[in-house]
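J.: Sequence:
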Amino acid sequence: MSLESGVLGYLFNLDNWAKDILVNNLNYPSVKEVNDIVYCDENPDVMKADLLWAPDNKKYKKYPVILNIHGGGWIIGDKKNSRGMCLQFADSGVFVVNMNYGMPKKANPFFDSHDPEICHSNDYLWPYPVKCAFAALQWIKDNAEKYNLDIDQVYVSGDSAGSNIAAVTQTASNNPAYAEKMGVGECPIKIAGSLLFCGFYDVDVFWGLPMNKIPVARSMMRDLFNKKDPTTEPLYKTVNPIPYFIKENGKTLIISGRFDPMTHGQSDMVEARLKEIGADVDRFIATGPLSLHDFQILSFTPGSHNAMMYVAKWLDKVLY
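Here this note's numbering is used: the first residue of the sequence shown is 949, the next is one more, and so on.
Calculated from the structure, these hints are not laboratory results. Worth double-checking, as some hints may not be accurate.
Simulated pairs of lysine to aspartate or glutamate, DMTMM-like, Cα-Cα distance not exceeding 20 Å [said to hold, decoys possible]:
#, residue 1, residue 2
1, 1265, 1152
2, 1028, 1004
3, 1007, 984
4, 1195, 1090
5, 1195, 1230
6, 1265, 1039
7, 996, 984
8, 1138, 1090
9, 1010, 1230
10, 1006, 1128
11, 1138, 1177
Quick list of simulated restraints, FRET-style, between CB atoms [claimed, not checked]:
#, residue 1, residue 2, range
12, 1100, 1237, 38 to 46 Å
13, 1008, 1258, 32 to 40 Å
14, 1185, 1009, 24 to 32 Å
15, 1176, 1264, 33 to 41 Å
16, 1161, 1236, 30 to 38 Å
17, 1217, 1196, 14 to 22 Å
18, 1216, 1248, 23 to 31 Å
19, 977, 1163, 44 to 52 Å
20, 986, 1224, 34 to 42 Å
21, 1196, 1265, 29 to 37 Å
22, 1233, 977, 42 to 50 Å
23, 1257, 1237, 39 to 47 Å
24, 1161, 985, 25 to 33 Å
Being a predicted model, the structure only gives us computed values, none of them experimental. Every residue gets a Cβ at the ideal spot worked out from N, C-alpha and C, and that includes glycine.
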């Protein structure tokens, strides 16, 4: 892979390190955590999740469920970086499954080839993250009785690229033709809705240009498809769920930051299309000076606090 791809990986690793420190200092004594359960035996080293719920919170007869999918440009990251959000979800009375998924292996820019034409790995290419999400949904369905889960109230959430995977999963769940086009099989659960934080969606419109034409951003797509020109891959267009939205897509809450330089205009496109087809959509836009990419993870900021308060009220409104 390219030097550019490797540098991107190191930047994401630095970002992940900082997020881990920030989110793991949160304290929610009401929430019980069970870490690293294997949600699918097909790939037990990768297909792991953390469970978070408040056993004494009896707001609902059965627990609504949120399947959370972490971000990281499709190519890096870990579920632990979303722990702060998931703690807040669980504290509000929701059962959270915070999942990891398979991501393409990346070359070391100082020791491996810099030639993007040379394949580093064909493991976990698109749409493998969606297959992982479907497997996690199957685990939720299989364990509904054990944990008193309401499989009619299963939502997906995600941040950044995780938001993309969440939106794709939601749409493929409600639009079988989309799932068939990706070759991911039938979704085991009909998704009731989604919470989409600071997401990428249309890979052909990134600051007015295709993502594969923008330095650093194009490395995400190259790694995700293991091709120098990912646009030649038949499944490339399926990364964008917007053309596959249907009115019966479920409820959607879009959360974005006014000054997010990484997902400029992306949330607007999702909102506009959902409104155009008459789907159920709501929107929260953070406006403070720290309303940058993934601002909601910075739990000590007013923007994050306001966003998560809005999320809690939205969940109260849409659940039951």
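J.: Work down the list of hints and note, for each, if the structure agrees.
T.: Checked hints:
Proximity of residue 1265 to residue 1152 is assessed by CA-CA distance (about 34 Å); at most 20 Å being required, the pair is judged violated. A threshold of 20 Å between alpha carbons decides the hint, and for residue 1028 with residue 1004 the separation of about 24 Å lies outside it, so the pair is violated. For the suggested pair residue 1007 and residue 984, the alpha carbons sit about 26 Å apart, so the restraint of at most 20 Å is broken. Of the supplied pair hints, the one linking residue 1195 and residue 1090 is violated, its CA atoms being roughly 28 Å apart against a limit of 20 Å.
A threshold of 20 Å between alpha carbons decides the hint, and for residue 1195 with residue 1230 the separation of about 14 Å falls inside it, so the pair holds. The suggested pairing of residue 1265 with residue 1039 holds, with an alpha-carbon distance near 16 Å, which does not exceed 20 Å. Under the criterion of a C-alpha separation no larger than 20 Å, the hint pairing residue 996 with residue 984 is consistent with the structure, at around 5 Å. For the hint pairing residue 1138 with residue 1090, the CA-to-CA distance comes to about 14 Å; that is within 20 Å, so the pair holds.
Restraint check for residue 1010 and residue 1230: not satisfied, since their Cα atoms lie roughly 25 Å apart, outside the 20 Å limit. With a CA separation close to 39 Å, the supplied pair residue 1006 and residue 1128 exceeds the 20 Å bound. This hinted pair does not check out: residue 1138 and residue 1177 have alpha carbons roughly 34 Å apart, beyond 20 Å. A beta carbon spacing of about 41 Å between residue 1100 and residue 1237 agrees with the range 38 to 46 Å that was offered as a hint.
Taking 32 to 40 Å as the suggested C-beta distance range, the pair residue 1008 and residue 1258 does not conform, at roughly 20 Å. For the pair residue 1185 and residue 1009, the beta carbons lie near 42 Å from each other, so the given range of 24 to 32 Å is not met. At roughly 48 Å, the beta carbons of residue 1176 and residue 1264 sit outside the given window of 33 to 41 Å. For residue 1161 paired with residue 1236, a C-beta distance near 32 Å keeps the hint of 30 to 38 Å intact.
As the Cβ distance of residue 1217 to residue 1196 is approximately 20 Å, the hint placing it in 14 to 22 Å holds. For the hinted restraint 23 to 31 Å between residue 1216 and residue 1248, the CB-CB distance of approximately 28 Å keeps it satisfied. Checked against the given bound of 44 to 52 Å, the beta carbons of residue 977 and residue 1163, roughly 45 Å apart, stay inside it. Under the hint 34 to 42 Å, the C-beta atoms of residue 986 and residue 1224, about 41 Å apart, fit the expected range.
Judged by the Cβ atoms, the range 29 to 37 Å given for residue 1196 and residue 1265 is violated: they are separated by roughly 19 Å. For the hinted restraint 42 to 50 Å between residue 1233 and residue 977, the CB-CB distance of approximately 32 Å leaves it violated. Restraint check, residue 1257 to residue 1237: a C-beta distance of roughly 19 Å breaks the suggested window 39 to 47 Å. Range check, residue 1161 to residue 985: Cβ separation about 41 Å, and the 25 to 33 Å hint is violated.
The structure fails hints 1, 2, 3, 4, 9, 10, 11, 13, 14, 15, 21, 22, 23 and 24 (numbered hints given earlier, in ascending order).
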